[in-house]
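Based on the sequences and whatever the hints tell you, model everything.
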Amino acid sequence: MFKPSYYRRCQCKGPLKDEEGKPILDAEGEPKIGDIGLTCPKLGKGHGTWYFYFEAERGEGNKRARVRRGGFAKLDDAKKKAKELYDAATAGTDVLSDETCGDFFLRWIKAKKSLARTTRHGYEEHINNYLLPHLGHIKRRDLKVRHLDKMYDAIEKENAERILHRLRVDQLQRDRDAAHRAWVKAAGKKEERRATRRAFLDANAALREGKKGLRKVTSAATMHRINDTLSSALSWGIKREQAFAKNWAQLVELPPVTRPKPLVWTPERIEHWKRTGEKPGPVMVWTPELTGQFLDFVKDDWLYELWHSFIFLGPRRGEMAALPWTEVSTDALWLRISQQIVEVAYQLYGEAPKADSVRTLSLSLESGDNLVSFRAKQERKRQEWGDDYVETGRVWTHENGEALHPDWISRRFTRLVELSGLPPVRLHDLRHLAATLSLLAGTDIKVVQEKLGHSSRQITSDTYTSVLPEMMRAEAESVMAVVPRDVPFQVRTLLTIPETAWRNDIAVFFAHGARQSGDTWAVGAQAQPDSDLLGMITLAGRGQDDAANAAVKWIRDHCAANDLELVRVENFNDRYPEDQRADFSLTRFTIARSESPVLDVWALPTGLPPAARRASKGRRKAA
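In terms of my numbering, the sequence shown has 750 at position 146, counting the first letter as 1, and numbering is strictly consecutive.
Honestly, the hints are just simulated from the structure, not real lab data. Backbone N, C-alpha and C define an ideal beta-carbon position, used for all residues, glycine too. Hints may contain errors.
[Said to hold, decoys possible] The calculated label-pair distances, taken between Cβ atoms and stated as ranges, are: (1) L719 with E1006: 26 to 32 angstroms; (2) R750 with R721: 40 to 46 angstroms; (3) R1061 with E1006: 35 to 41 angstroms; (4) D935 with E872: 44 to 50 angstroms.
[Claimed, not checked] The calculated lysine-lysine pairs, modelled on DSBU-like cross-linking and capped at a C-alpha distance of 30 angstroms, are: (5) K621 with K687; (6) K843 with K717; (7) K820 with K714; (8) K636 with K617; (9) K850 with K714; (10) K716 with K748; (11) K678 with K621.
Shown next as structure tokens:
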């Protein structure tokens, strides 16, 4: 039964007395001075704080258990806390425990026997680097959401200091590079070279000193992962022993995390990269044309077949590093992903992938031939190396048979991309490329999900479908083109598309509109900003949208009159700054010649083409 006792006490010191009210003397006969909080004559309204205690369920050996708390300014606060602790104790929480959060986190991670190796490593990093320093000293029973908020506030404060440190290091790096250039330029000038060399050595020493203690910034995504680790620990404690009243991690508000959107390397982005060296985004995807150029470049590389598999099958690097020949059938054209190599502190461990990642991939004829070819290359190297050849049973190996390290695969791929001169992509970006190529080929997204080993269709859809619109060359017209607007215009110069503008029966050009005066607009068609006009119209329009709509109608009418197909319309009006949108308009058009033969008029061919048959007869006659 819940029967708490409440009382006041203070922190006052004074002469101690025994139960009969007599002074307690020390060895020298002097009154002992100590805590008189329960007997202080000043106790009353405005002096002292409220305490309570109640009897909890007896422990092991029928040992008495008394729950005691204090320091409450009001009696109502003490009563509220007493009821909270009683309910928690009734539910099974050990409210008498003095265990700290640090001890609990270490006990939790030790008890988690079924964690994957990489997951455990991540949890341990979060515990050692964040949870123990910020929460480890707090008693487990006292943990509240405010403590978590303070931890994340401290992390953000550390981030600000780390950013400043990194900026200082960047400046020291620039100073060192400038000093090195000055030293090189001073070649042949003895005195100047001696001074510039000393300046370079000083700048290099300053850079080394400045880099000491440099640490990575804790991103918003990392904070979410830290919170996930904390949430897992608290949930375990609640389920196992009612160690916490709530899962406080679920009440924390963290900065939002935006998944990087995959972007395609369009010609405009490639030009910007060549000019500045900047990538438009962290996740980039090659077009099919660029992909073909890369495969052509690496066709003589020892691991050409591996790069081909990454592009068309979309596996993870650890899955390819672990793939054994026993899980490959070049006759039935399949391979099974059933194991992976994981890297923890550059040490390799083999383990089974997640259940959703265990899958069987169908191989194309080309992929099957590639595996046959690579097996033959391995056999030749086995003969060359003899007894020094390392037998691993793996599909993808070094030339001496040694297994591939997943990180080495990434670094080798990065180096090949650099040597090829193509715009940069990461090895993991090839999973995006494989998904995109499948979607472009008309594959159902559920099949793509199974191919990539995702746990849900939603992950595949959210991650990869954003790439698709940028890569499609023959998609339908934009909404603006589908819903034409009747904007009157006058043709000043007839539109003429020269033969030099066509590439494989496709022509791309721009319609650039500019306000002349008042409501008068001129719209000219050009292949490039500095090229000659292909044609021009004028109109009376209220703004850039009218100019763009008039351009669409102009080009559509031209296509209808000349048996051309309007493939795509792209409106770039929003690219202009706000202060220029009232005076300029830009639209890009992709049109096609509609002269290609269709399958319906063909009978399915049999035998050899006529030219081949005539050539065969000629050879027989000559023989």
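message = Please list, smallest to largest, the hint numbers that this structure does not respect.
response = Hints 2, 5 contradicted; others consistent.
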